[in-house]
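Protein chains: 2
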Amino acid sequence: MPGTKPVPDIVVGRLPIYLRALTRLLEEGQQVVASKELAKRLGISSAQIRKDLSHFGEFGKQGKGYEVAYLRDQLRSILHADRTWNMALIGAGDLGHAIAHYMEFEKEGFRIVCVFDNNPQKIGRRLGKFEILDMAALPQKVREQEIKLAVVAVPAEAAQSVVDELVRAGVKAILNYAPATVVVPPNVHVQSIEPVMYLQRMTYYL
Amino acid sequence: MPGTKPVPDIVVGRLPIYLRALTRLLEEGQQVVASKELAKRLGISSAQIRKDLSHFGEFGKQGKGYEVAYLRDQLRSILHADRTWNMALIGAGDLGHAIAHYMEFEKEGFRIVCVFDNNPQKIGRRLGKFEILDMAALPQKVREQEIKLAVVAVPAEAAQSVVDELVRAGVKAILNYAPATVVVPPNVHVQSIEPVMYLQRMTYYL
Numbered sequence: 001m002p003g004t005k006p007v008p009d010i011v012v013g014r015l016p017i018y019l020r021a022l023t024r025l026l027e028e029g030q031q032v033v034a035s036k037e038l039a040k041r042l043g044i045s046s047a048q049i050r051k052d053l054s055h056f057g058e059f060g061k062q063g064k065g066y067e068v069a070y071l072r073d074q075l076r077s078i079l080h081a082d083r084t085w086n087m088a089l090i091g092a093g094d095l096g097h098a099i100a101h102y103m104e105f106e107k108e109g110f111r112i113v114c115v116f117d118n119n120p121q122k123i124g125r126r127l128g129k130f131e132i133l134d135m136a137a138l139p140q141k142v143r144e145q146e147i148k149l150a151v152v153a154v155p156a157e158a159a160q161s162v163v164d165e166l167v168r169a170g171v172k173a174i175l176n177y178a179p180a181t182v183v184v185p186p187n188v189h190v191q192s193i194e195p196v197m198y199l200q201r202m203t204y205y206l
Numbered sequence: 001m002p003g004t005k006p007v008p009d010i011v012v013g014r015l016p017i018y019l020r021a022l023t024r025l026l027e028e029g030q031q032v033v034a035s036k037e038l039a040k041r042l043g044i045s046s047a048q049i050r051k052d053l054s055h056f057g058e059f060g061k062q063g064k065g066y067e068v069a070y071l072r073d074q075l076r077s078i079l080h081a082d083r084t085w086n087m088a089l090i091g092a093g094d095l096g097h098a099i100a101h102y103m104e105f106e107k108e109g110f111r112i113v114c115v116f117d118n119n120p121q122k123i124g125r126r127l128g129k130f131e132i133l134d135m136a137a138l139p140q141k142v143r144e145q146e147i148k149l150a151v152v153a154v155p156a157e158a159a160q161s162v163v164d165e166l167v168r169a170g171v172k173a174i175l176n177y178a179p180a181t182v183v184v185p186p187n188v189h190v191q192s193i194e195p196v197m198y199l200q201r202m203t204y205y206l
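From first to last, the protein sequence lines are chains A and B. For the first sequence, position 135 matches number 135 in the working numbering, and the numbering has no gaps at all. For the second sequence, position 165 matches number 165 in the working numbering, and the numbering has no gaps at all.
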């Protein structure tokens, strides 16, 4: 039954994959989709898809498949992806620049609203439409703009201390681009973008 | 016993995390590390770390911990991270620019050796030190430069067809930055960089 016990995080991690596929189907004008078709598109078994979705309710009709728009709206609601989230970006180097200009975030409701750096040479300068702010202003901005999410794009050596500052300021979820493992308290979430690790995970097999 | 059956992919996926931590410890001048200390740094249990490493041999001495340099070298060898890999970059847009300038790849032995695009306006122009090449030249370049890896930084709509071209050209491992799920044959590996999905996976809990 939905809602009676916590959904495994691995299942939560697959919901955005389903959401993106449904959004694509909707753009293509498809109104109904069978779990088998979704399975083929995603390389995930149809049994797995049905089981994952069953954690959240009864979305499909036996033999009829899922209504694309309805299931998409439900997943958006479950993931809290049906609203706009303000984000702070920490680090105004090359990587920070690329992230500030990455259009997918805004498109999906993740809006960078301020950019921070601790380099006095950068503070006060501009990064695109943002003025680069001193890290000291972080707690105030987090309060004022109700920021729950932050993107970390600082060098590896600085990552943990920046994450600690974000946690102290009240940020609840951190997307970490620094090539470093960072530790957060249990009430804070962190996900790391690890391109080198992904490559190494593949070269193992080559 | 090491080598007798395939190591689960989830274990393989954690090896790069251990490798990076060991490299950091080595830089810090530490010669021996207990699994407990690694565990604390990484937020992975020490039992898990010992079990993961036991797939590949006996690296630690009971009660003495792991020799950092030795274990690091072993992991580099296991992951084939002790050599340089030539990579093709597909897509010379903003994202492609950022990737071409991302220093971590070269630092870790992943060297972008050529850049492709299918936009006639871009072909022949430069991206940093590279001349942007026509996709039609891909198969030849892959052969000449013994390219096994590619990085995909094209729009979502183009991702699958680009991946298909890479597979046909003989590329064996693909790091996909396009916000699209791509499917590859069983003998080809793909890992996707999914920042929006990582954010959605976290906002579920907020």
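Please note: incorrect hints may appear among the correct ones.
Given that identical chains are not distinguished, each listed pair holds provided it fits within a single copy or across any two copies.
Claimed, not checked - The calculated lysine to aspartate or glutamate pairs, modelled on DMTMM-like cross-linking and capped at a C-alpha distance of 20 Å, are:
hint : residue 1 : residue 2
1    : K141      : E104
2    : K107      : E157
3    : K122      : D134
4    : K40       : D164
5    : K107      : D73
Treat the hints as calculated values from the structure; they're not laboratory data.
Hint check:
Proximity of K141 to E104 under the C-alpha cut-off of 20 Å is found in neither arrangement, the shortest distances being 23 Å within a copy and 31 Å between copies. For the homomeric pair K107 and E157, the shortest alpha-carbon distance between copies (15 Å) is at most 20 Å, but the shortest distance inside one copy (31 Å) is not. Taking the closest pair of Cα atoms, K122 and D134 come within 20 Å of each other only inside a single copy of the chain (9 Å); across copies the shortest separation is 38 Å, beyond that limit. Taking the shortest alpha-carbon separations for K40 and D164, only the inter-copy value of 16 Å comes in at or below 20 Å, while the best intra-copy value is 42 Å.
Proximity of K107 and D73 under a CA criterion of 20 Å is satisfied intra-copy only: 16 Å inside one chain copy versus 43 Å between copies.
Violation of the numbered hints given earlier is confined to hint 1; every other hint is satisfied by the structure.
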